[in-house]
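Can you build the whole structure from these sequences, using the hints too?
Number of protein chains: 8
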Amino acid sequence: MNKVQILELLELVKNGGISPKDALLRFQIAPLEELGYATIDYHRGLRQGNEEVIYGQDKTSEQISGIVSNMLRRGLSNIIITRISQVSVEFLLKQKIDLEYHSVAKLAIVQHDKTAHQLGSVLIASGGTGDIHVCEEAAVTAEVLGSRVTRLYDVGVAGLHRLLSKQKILTTARVIVAIAGMEGALASVIGGLVSCPVIAVPTSVGYGSSFFGLSSLLAMLNSCANGVSVVNIDNGFGAGYIANLINRMEGIQQ
Amino acid sequence: MNKVQILELLELVKNGGISPKDALLRFQIAPLEELGYATIDYHRGLRQGNEEVIYGQDKTSEQISGIVSNMLRRGLSNIIITRISQVSVEFLLKQKIDLEYHSVAKLAIVQHDKTAHQLGSVLIASGGTGDIHVCEEAAVTAEVLGSRVTRLYDVGVAGLHRLLSKQKILTTARVIVAIAGMEGALASVIGGLVSCPVIAVPTSVGYGSSFFGLSSLLAMLNSCANGVSVVNIDNGFGAGYIANLINRMEGIQQ
Amino acid sequence: MNKVQILELLELVKNGGISPKDALLRFQIAPLEELGYATIDYHRGLRQGNEEVIYGQDKTSEQISGIVSNMLRRGLSNIIITRISQVSVEFLLKQKIDLEYHSVAKLAIVQHDKTAHQLGSVLIASGGTGDIHVCEEAAVTAEVLGSRVTRLYDVGVAGLHRLLSKQKILTTARVIVAIAGMEGALASVIGGLVSCPVIAVPTSVGYGSSFFGLSSLLAMLNSCANGVSVVNIDNGFGAGYIANLINRMEGIQQ
Amino acid sequence: MNKVQILELLELVKNGGISPKDALLRFQIAPLEELGYATIDYHRGLRQGNEEVIYGQDKTSEQISGIVSNMLRRGLSNIIITRISQVSVEFLLKQKIDLEYHSVAKLAIVQHDKTAHQLGSVLIASGGTGDIHVCEEAAVTAEVLGSRVTRLYDVGVAGLHRLLSKQKILTTARVIVAIAGMEGALASVIGGLVSCPVIAVPTSVGYGSSFFGLSSLLAMLNSCANGVSVVNIDNGFGAGYIANLINRMEGIQQ
Amino acid sequence: MNKVQILELLELVKNGGISPKDALLRFQIAPLEELGYATIDYHRGLRQGNEEVIYGQDKTSEQISGIVSNMLRRGLSNIIITRISQVSVEFLLKQKIDLEYHSVAKLAIVQHDKTAHQLGSVLIASGGTGDIHVCEEAAVTAEVLGSRVTRLYDVGVAGLHRLLSKQKILTTARVIVAIAGMEGALASVIGGLVSCPVIAVPTSVGYGSSFFGLSSLLAMLNSCANGVSVVNIDNGFGAGYIANLINRMEGIQQ
Amino acid sequence: MNKVQILELLELVKNGGISPKDALLRFQIAPLEELGYATIDYHRGLRQGNEEVIYGQDKTSEQISGIVSNMLRRGLSNIIITRISQVSVEFLLKQKIDLEYHSVAKLAIVQHDKTAHQLGSVLIASGGTGDIHVCEEAAVTAEVLGSRVTRLYDVGVAGLHRLLSKQKILTTARVIVAIAGMEGALASVIGGLVSCPVIAVPTSVGYGSSFFGLSSLLAMLNSCANGVSVVNIDNGFGAGYIANLINRMEGIQQ
Amino acid sequence: MNKVQILELLELVKNGGISPKDALLRFQIAPLEELGYATIDYHRGLRQGNEEVIYGQDKTSEQISGIVSNMLRRGLSNIIITRISQVSVEFLLKQKIDLEYHSVAKLAIVQHDKTAHQLGSVLIASGGTGDIHVCEEAAVTAEVLGSRVTRLYDVGVAGLHRLLSKQKILTTARVIVAIAGMEGALASVIGGLVSCPVIAVPTSVGYGSSFFGLSSLLAMLNSCANGVSVVNIDNGFGAGYIANLINRMEGIQQ
Amino acid sequence: MNKVQILELLELVKNGGISPKDALLRFQIAPLEELGYATIDYHRGLRQGNEEVIYGQDKTSEQISGIVSNMLRRGLSNIIITRISQVSVEFLLKQKIDLEYHSVAKLAIVQHDKTAHQLGSVLIASGGTGDIHVCEEAAVTAEVLGSRVTRLYDVGVAGLHRLLSKQKILTTARVIVAIAGMEGALASVIGGLVSCPVIAVPTSVGYGSSFFGLSSLLAMLNSCANGVSVVNIDNGFGAGYIANLINRMEGIQQ
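Chains as they are written, first to last, in our numbering: chain A, 166 to 419; chain B, 166 to 419; chain C, 166 to 419; chain D, 166 to 419; chain E, 166 to 419; chain F, 166 to 419; chain G, 166 to 419; chain H, 166 to 419.
The set of hints was computed from the structure by calculation and includes no laboratory data. All values derive from a computational prediction rather than experimental measurement. Be aware that a few hints might be false.
[Claimed, not checked] Below, a list of computed lysine-lysine pairs in the DSSO-like style, where the Cα atoms sit at most 30 Å apart:
| no. | chain 1 | residue 1 | chain 2 | residue 2 |
| --- | --- | --- | --- | --- |
| 1 | A | K279 | A | K259 |
| 2 | H | K179 | E | K331 |
| 3 | B | K333 | C | K333 |
| 4 | A | K279 | A | K261 |
| 5 | C | K179 | F | K333 |
| 6 | D | K259 | C | K186 |
| 7 | H | K331 | B | K186 |
| 8 | D | K259 | D | K279 |
| 9 | G | K179 | D | K333 |
| 10 | F | K186 | G | K333 |
| 11 | D | K331 | G | K186 |
| 12 | E | K186 | H | K331 |
| 13 | G | K261 | G | K279 |
| 14 | D | K259 | C | K333 |
| 15 | F | K259 | F | K279 |
| 16 | E | K279 | E | K261 |
| 17 | B | K331 | B | K261 |
| 18 | F | K333 | F | K279 |
| 19 | B | K259 | B | K279 |
| 20 | E | K333 | G | K333 |
| 21 | B | K331 | D | K186 |
| 22 | F | K186 | H | K179 |
| 23 | H | K333 | H | K279 |
| 24 | F | K261 | F | K279 |
| 25 | C | K261 | C | K279 |
| 26 | B | K186 | A | K179 |
| 27 | A | K186 | D | K179 |
| 28 | H | K186 | E | K333 |
| 29 | A | K331 | B | K261 |
Here it is, written out as structure tokens:
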């Protein structure tokens, strides 16, 4: 509740338009719904600009279904469920929930609003074929949230000319998501070629001393290129979310 | 050299305006200057939108002075030197180099162009008093590069109302830099309150199992709030640089 | 054997009420029972105030059954078995052992004494839905040991108002167990809002650089809030046990 | 501001006792004082039961002095400054600040209220002579906050009878702080002997594979004894603070 | 495109043999083929001296098949696929692809050119029987690329005379690959006995504090013997590749 | 070949009893047998006092069988195979190999010489029931190699009197193997009670921040008790082997 | 107090030779002396066979002096002080304490009893010149405790023949201490050459990825040679102590 | 002693040219010199092709001087001393030792044989100005050992065209040493551009999560480019040594 809303409410109290007790209730009504196992937050759309996103990994099919149903009942749409299993997807479909499933990204969208325009320009670049599920998680997320996305996969630094031959695509992006496992050098190389923000996603692709993504994580955090920030290992969703935020920035009102 | 420039050069060759040998030279002239210990890159201003930044930490006074002098001779200004020691600053001043020094941030600006406007709105928020040098490195960087900066220091999560009482400042920022050591929770808490991008900077403030910033680094990478990306421990410069990039984004041309 | 008991025994010896050899035996009889694979400690109830707790994870069904049977034969009740598998539960039930099973908590209670009162006020707060099995392990443990428990789940810091709307519950608790994975910020935020002791439980919920709970463990150990102490990753039982100990503290006798 | 206070304020508004605008101000006045480098929180005494504690390690003498002066002007006393250097102590004394300094604990108390009673029974036990500064930080903290403290130093497990000969002291404590470096076994051994809560403090005493306290930290987190929770390496203050909280628990009001 | 090729092209432009627009195209045609999930690099054979190697581990059978088919269509042969599963091998065989499979090495060669000579002398030495799959990956790789390979397995340092009895084999090798898990001492011992380059491969063989190969990795990196360099844990392919490069070095042209 | 043997051989050469070429052969005949995948070392019995031990974990049934068969053909007996799977045991039995299998210890003995006396006194003490397989690996190893073994299981430090009640057994051992997971305090506590050497074995029993045995490993390495040395995590065999070596030490010949 | 002593005391009570109250006292008199900062344990000589050893590193000169003085007053001699600084040595000498100082080993012996024989045979072998202070700590410790010591320094595995040329010394030792930094391979190589117990001491000698001794520690723990156990990094004292224990083992009484 | 030499000796014995006892001595004379603190190995020149290299870091000036003097007395020259301090250099110079000192590389050469030719082509490439001391250690080492060296400094991947403009230098090298701190991407990028072996040297240049070189070490070990092997952090000497070995390879004798 913001300053203006409080002032309005206080005026109402003063004018007798509402009793102090009822006004108190207004202060107390939280835009929350408690399901026991989850506390849904219906104001996030207002506060953060996007609806609640459901992180599917540690939830049962029943829990996901319960959260989705309550959100739909409130009239929400375009609900993203990340890291959802095939089993949970089928569970939701059996309950006649309108759901679009991206199997490579392991990401589902409930009541996808496809009329929305995809604007601007987000580039998703990846080091190798094995990173594709992380790439698609980032790409689909940014698209669902309203960004136009270009994919540029398997352009790792061991064959640098693959990347260099795409300079135009690189330089016209408003924001780039650089996704790589192993030594994670892609973020630094791209960061040195462009002037837009780069979101780096280390992946757990690799073996031995990659230590499940630690090598690329550290490399990206230590990038000597300016403009690179990093999200968690394999966190395609997070990168897509941030890329969309930045891509859709409005110009400064002077 | 871009497509248009190559085409123009080829037309010149065709028309005899330039000989093939001289055209070859044009392809080969690199916009680089080699000092032996450093290879200065004068095209970065064009390519990345900002001039070369000098990372002062592992360089001698003589090396810094040499690089700066060459850049000035080429007519560059607004040159940022990060992590520069008091000793090196005095060395440069003795050589009559026009230099502005921010001692808390350990950051110097050579031929600071103060006529430039600081636009938009970057918020720098920090967890504790001990993080100030990192905060100032971020703040001065963003200011020099052209952003208007608001400082909100010592608002760590152990006294949450300090942060909550500043909701308006939080919600009007175009981008926020959240700087904290110890458990690094500030990034998640701010990330949950706002809808703009948050750049998180873990600091090495702490002791024992903070392991020189590892605890806050991991906490920030694992933030459950959307919109948070992370830079290296104590990397105030990097965060200020990215914040400026995002803050100064133009609106999408539809 | 305490000072008074030794003195009584020595008086008996002096008076000829017992021979020196028999007295020696008394010194030597340990309140232990050896099963080969386990050494049951029947005095712990006296010494520590609670009966032996059986850690089920690395034990076979036969071993658990053997230990339980011996304890029952000695007349013990309210025996807690933690991290017990479904298979072992069924094994015990087949042997007609009176057992109550909490499947989410993976915790069983043999001969649960339900007549006991649950007193005071322990609050179990969790960051997300995925932490529920740890929460329930803590909650059921504290309840069985005699504490009244309030559950407050899915109130992680990314949606801070979910937590802030529950301030009254927070401030009336005698002790709080804060359970969270990922960045583990919940402990610090709660620790800053209350004046009672907070037991923090990092969980292995997360992925990538959460490194199986390391990120939340380090964050909680580095909490800048006063009053927070930490137990092992996923150790719901330990937290519930300590919370009960603190909750049931008697007032100081001046 | 709690429910009752809001209701009273709203009644005032209704009765015209206060204008809506002034009521709004009441909602907004934060009990904070901003010094630029620090945001002092004067309500913590009410909210958490103790005054603000100043963590001295990363602050300059000037910063500490500024914070203390402002707190004194507000009438606060019994202010604890932890990890304060000899230099800062002398700086404060020159400014005629009434200060008591504990050099081993590196802890200062401004305007120490010595009339307060020290109640209950907190036991501080340590493994070796090298842990003394951490022990004293814990002991003095608990004493200043109102607890009666018993010290039992150099009773490490390599000479177990040193500890066993003190069983009575162990069993009469309301809460025990177990402080040890190296293998940190003291916490488990004490935890197995008593029924009260044990706060374990790993110290950085050791060498080689103690890795600056990591060995004792992990050992204490993995304690097989019930009732043990852990604070950060060398965090004597935190342990003393929690021990006092627990020691001063009131009995349950049934 | 090298200097000579550019000059030739420019002469053509001058002479009107090619239009500027077509010349531009020549600059732009990248020797790449994009399959969506992979960007094949057909110039690597020229640039690096060997054809593209396919890392099979994170690729589906369909992806591997697609890449191989495209390479074959371009006329390539002797294509190495590392870490390929039995399932993928069968998938390729069903499609009539001419493939030789080394099951211990989990390595396949498509259209193996067996007429090529194996020259020089690469020695593959291993510490134990459990390292064999890594050894064979190295050995087959070096053989396919054109090196003569000698195998010397199970000569770990715990039975030093096994190694010492093979001094002649050691001293006649042009390059040695030393493969060992556990404490990884084999690399140092061999490095001290010979004057040729030694490529050390730590393996994940071991248990407990070998931490999946970390112990042998660190040991090999810290080798006190001169001439030892290290590749990733279990990276038999990489070692075989480098060993072949070194083995086939030409003499210096003075 | 020792000094005396070389001298004898040289005398033979001098006397013409053997030709130089044949003498050379004698120098070269290594007491090794090469199976391709393994190099068996038949002199270890002489050199190290025990026959070759086969580490079964990373070997196939065929490899184990091949090594055993060759050893039997040479007339060896009392061959220990550690970490052998049930499958491999059955494979060996089908081939009529005389084998005794200890399923808890996962250890097999081929042609066990049961007529040998078990001498001296090795004590195997463990912290909990979950450590039994490591304990039995140590116990059976020491027994097969000729030591009398006493088992003292589940005497962890959380119930210290279980251990203290066994002081006589502790003080009469010639060497003690202390086996524990979690916080690994058992080694220090036992080390402080006895004057004989203690071999500490950390186990991977535990969860969360035990990090697969790291916590007990570090604790044992940092033991403040004198006389404690450590072997790898879960390395029961190694501890049993060393304990037997020490137990069977002869007295000093003055 | 052992069984026989208790029985004697009980007989005394029965016979009236001592009153129950006085007998109780006998049970309670602990052979300890408390100095406030230290609790000296005078029975360790009986219990563990050697007097108390003073770990000098974390103690002030005054603390060391206080402990030594009390021990001397009780008539103890041959007191070892490890890791004592030059400053503390001079402090003790000023107080006329009879002290022998080994500066390389940083070890002092108070009232060294030089009449004692040094028996048996302990071999101290080291990898490099930089390990000497650890070697000498081990060597002097073993000598003071009664062992004959042979030193074999700088025989690291990079020059294997240095070690192999000393086979006779190796095979006649009763116990060997193998000390090495960097890759720590010395322990495995020696372990494979001898049949006596080997105590391995990793040292912090090295740089980069030796990580202060971690590389050699892990290598030694993972030794594939039988008979090797490990102590803490740089723990020369511990190794010398254990080596002496083993060296002085008596033969088995059959 | 090789096969031929043994045969010759045996023939001598047969012919009575030498007595068996004297022949035995020949077998036993080790080409070693023992200085107490060091065991010099004069055969390494024969065995490994280069003289003994002295690692100066952990040695006193006296120790270095002693080793050098003995080597000179034996007639050796071109002796390399790495990581030698200014103090030790002056100590050696005072003793009239003919020494050339490279202060940036901290490397000294005793009796440098400058008449030797520097052959072939080793390229030393570095990421930044801060890596120079490691680069020079590598470069001088390779030069002293007989290689022609080209230096290419400050060509890190953040400004990729700096590297790409040097393609000719890259492709004409026989072996490349790639030296970089921070994210260590240089090795992968160079590895992808060339067909010769690349020796990667991670440096400790960086801060925060570079963890003293760990980030670049892991990145280089996980390089996706073929042909890259790695040495220890900051190990310029090792890289220069290996580069020279490879550079000076002779061609295969068919």
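Here is how each hint holds up against the structure:
1. A C-alpha spacing of about 22 Å is found between A/K279 and A/K259, which places the hinted pair at or below 30 Å, so the restraint holds.
2. Annotation: proposed proximity of H/K179 to E/K331 holds, straight-line Cα distance about 27 Å (limit 30 Å).
3. For a cut-off of 30 Å, the pair hint linking B/K333 to C/K333 stands: about 25 Å separates their Cα positions.
4. Between A/K279 and A/K261 the CA atoms are separated by roughly 19 Å; this keeps the pair inside 30 Å, and the hint holds.
5. For the hint linking C/K179 to F/K333, the alpha-carbon distance of about 27 Å falls within 30 Å, and the restraint holds.
6. The straight-line distance between the Cα atoms of D/K259 and C/K186 is roughly 72 Å, outside the 30 Å bound, and the hint therefore fails.
7. Distance restraint check for H/K331 and B/K186: the Cα-Cα separation of roughly 19 Å lies within the 30 Å cut-off, and the hinted pair is therefore satisfied.
8. With a C-alpha separation of about 22 Å, the suggested pairing of D/K259 with D/K279 holds against the 30 Å cut-off.
9. For a cut-off of 30 Å, the pair hint linking G/K179 to D/K333 stands: about 28 Å separates their Cα positions.
10. Between the alpha carbons of F/K186 and G/K333 the distance comes to roughly 28 Å, so the proposed pair stays at or under 30 Å and holds.
11. The hinted pair formed by D/K331 and G/K186 meets the criterion: a straight-line CA distance of about 19 Å does not exceed 30 Å.
12. For the proposed pair E/K186 and H/K331, the alpha carbon gap of about 28 Å is at most 30 Å, so the pair holds.
13. A hinted pair counts as satisfied when its Cα atoms are at most 30 Å apart, and G/K261 with G/K279 qualifies at roughly 19 Å.
14. At most 30 Å may separate the alpha-carbon atoms for a hinted pair to count; D/K259 and C/K333 exceed this at roughly 45 Å.
15. For the suggested pair F/K259 and F/K279, the alpha carbons sit about 22 Å apart, so the restraint of at most 30 Å is met.
16. Between E/K279 and E/K261, the direct Cα distance comes to roughly 19 Å. Compliance with the 30 Å bound is thereby established for this hinted pair.
17. At roughly 44 Å between alpha-carbon atoms, B/K331 and B/K261 are farther apart than 30 Å, so this suggested pair is violated.
18. Between F/K333 and F/K279 the alpha-carbon distance is near 29 Å, which keeps this suggested pair within the 30 Å criterion.
19. Proximity of B/K259 to B/K279 is assessed by CA-CA distance (about 22 Å); at most 30 Å being required, the pair is judged to hold.
20. The straight-line distance between the Cα atoms of E/K333 and G/K333 is roughly 25 Å, inside the 30 Å bound, and the hint therefore holds.
21. With a C-alpha separation of about 19 Å, the suggested pair B/K331 and D/K186 falls inside the 30 Å cut-off, and the hint holds.
22. Between F/K186 and H/K179 the alpha-carbon distance is near 11 Å, which keeps this suggested pair within the 30 Å criterion.
23. With a C-alpha separation of about 29 Å, the suggested pairing of H/K333 with H/K279 holds against the 30 Å cut-off.
24. Proposed proximity of F/K261 and F/K279 is supported: the alpha carbons are some 19 Å apart, at most 30 Å.
25. Annotation: proposed proximity of C/K261 to C/K279 holds, straight-line Cα distance about 19 Å (limit 30 Å).
26. At most 30 Å may separate the alpha-carbon atoms for a hinted pair to count; B/K186 and A/K179 exceed this at roughly 87 Å.
27. Using a Cα cut-off of 30 Å, the hinted pair A/K186 and D/K179 holds, with the two alpha carbons roughly 11 Å apart.
28. Between H/K186 and E/K333 the CA atoms are separated by roughly 27 Å; this keeps the pair inside 30 Å, and the hint holds.
29. Of the supplied pair hints, the one linking A/K331 and B/K261 is violated, its CA atoms being roughly 44 Å apart against a limit of 30 Å.
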